[in-house]
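Taking the hints into account, I'd like the entire structure generated from these sequences.
Protein sequence lines correspond, in order, to chains A and B. Residues 1 to 294 (this note's numbering) are what the first sequence spells out, left to right. Residues 1001 to 1094 (this note's numbering) are what the second sequence spells out, left to right.
A couple of the hints might just be wrong.
[As the list claims (entries may be wrong)] Computed, partial: chain A to chain B, Cβ under 10 Å:
1. 60
2. 251
3. 258
4. 262
5. 271
Hints in this document: simulated from the structure, not taken from any laboratory. Note that the Cβ used here is the ideal one computed from N, Cα and C, for glycine as well.
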Amino acid sequence: MLKEVFLNIADFIICLRSKSEAPLFIENGYKNFLVEKPFENIDINIEVFDHIPNEILKSEKKKIYSAVMDDKALWEISEAENELRFDIFQQKSSTEIQQIAFCDKSYGNWKIFTSSIENEDGNIGICPLLYPMGPLIMYYLTVKNDAIMIHASGIFDGEKGRIFSGFSGVGKSTMGNIWQTEGSELINDDRLIIRKKKDGFYFYNTPMFYEDKPKKAKLDEIYLPYHHPENILESLNGIKAVASLMSYCIQHGYDKSIISHHLNVISQICAAVPVSKLGFVPNKSVISFLKAKL
Amino acid sequence: MNLEKIISQKENFAAREVNGELILVPVKNTVADMNEMFTLNEVGNFIWQQLKTGVNIGDIASNISEEFEVEKEVAKQDLIEFLEALENFIVKAC
Chain A
1 MLKEVFLNIA DFIICLRSKS EAPLFIENGY KNFLVEKPFE NIDINIEVFD
51 HIPNEILKSE KKKIYSAVMD DKALWEISEA ENELRFDIFQ QKSSTEIQQI
101 AFCDKSYGNW KIFTSSIENE DGNIGICPLL YPMGPLIMYY LTVKNDAIMI
151 HASGIFDGEK GRIFSGFSGV GKSTMGNIWQ TEGSELINDD RLIIRKKKDG
201 FYFYNTPMFY EDKPKKAKLD EIYLPYHHPE NILESLNGIK AVASLMSYCI
251 QHGYDKSIIS HHLNVISQIC AAVPVSKLGF VPNKSVISFL KAKL
Chain B
1001 MNLEKIISQK ENFAAREVNG ELILVPVKNT VADMNEMFTL NEVGNFIWQQ
1051 LKTGVNIGDI ASNISEEFEV EKEVAKQDLI EFLEALENFI VKAC
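Below, the structure is given as structure tokens:
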């Protein structure tokens, strides 16, 4: 029996199809992003299979990129003829394969081979987007469009959409909390997709490990925050703005064309949206400080 | 530094020009390496463009001197400083 589900993430449509008897699990964080079969084009088609065949597990591959944290392999990318292969390791063991995925060079057509798992209700099924597969697909969704994925928190204060971008510890979440406490809508406090639309750039939340509804706002200001004894703002232009945002952009830089894509989109963002370094005091004074700026 | 030495760009970079300046991002094969990038000002960008094909250091210094209207000796010293800083990263000997 064909099972088909659709997700709307950042106004992109992802279709998951499975012919397997096994139930298709969607992680909780994705549930509010499920939509009815849409009329518009599908941006990414994913075919899901309920086991990982041995011949795929053991086949030769040419590794081109790997994600390693604390000497632990998270996932790796290999190149095959006309397609990319993604080996995703189990987060606990880092040696056992959790999923193997293939996508064509357009990044639009995927196959995910995945082992069965037991969900929190004790049911056995397949969960093709189990972390980190989901974020990887979202990343390639941005690579095939005028979009980027970035480490940032973002808020909409009723008038302006503002994002705060930087590495862990600079105050992204703190800033998100301050604005949310004072009545702004928190789009997300960790990871955003910025996407070019006809009337400008928009930023969106993406499915996380917790449940949240899809949110978006038009992008009016970009800040690069850091803790400071007083609130200060320093405008960044040209190459400095582009280089800063590039640093915080999520990127798999094994391919010159992917890096060029990011540089191109970021250059367009920096030409359209003000970028500033923001030294801030972690309390609500930063809100009135920024709102007072024209 | 030998002014007759022929040098050129390393190939494994994506480049983007912004208002006359240049950002260079290296192609890498691990996530951990991704924060390394180079930004070059207008003169650095001019040098980078010269390095598209193999060219000797003395000729680049002459071209800088002509383009930016500086003494050749000044251009040469600045170029040597630039190359010493970046030689192992973005420039290769031919």
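Structure-based check of each hint:
1. 60: violated, 18 Å
2. 251: OK, holds: residue 251 (chain A) within 10 Å of chain B, min 6 Å.
3. 258: holds, 8 Å
4. 262: Because about 8 Å separates residue 262 (chain A) from the closest Cβ in chain B, which is inside the 10 Å limit, the hint holds.
5. 271: Since the shortest Cβ distance to chain B is 9 Å, the answer is holds.
Checked against the numbered hints above, the structure violates only hint 1.
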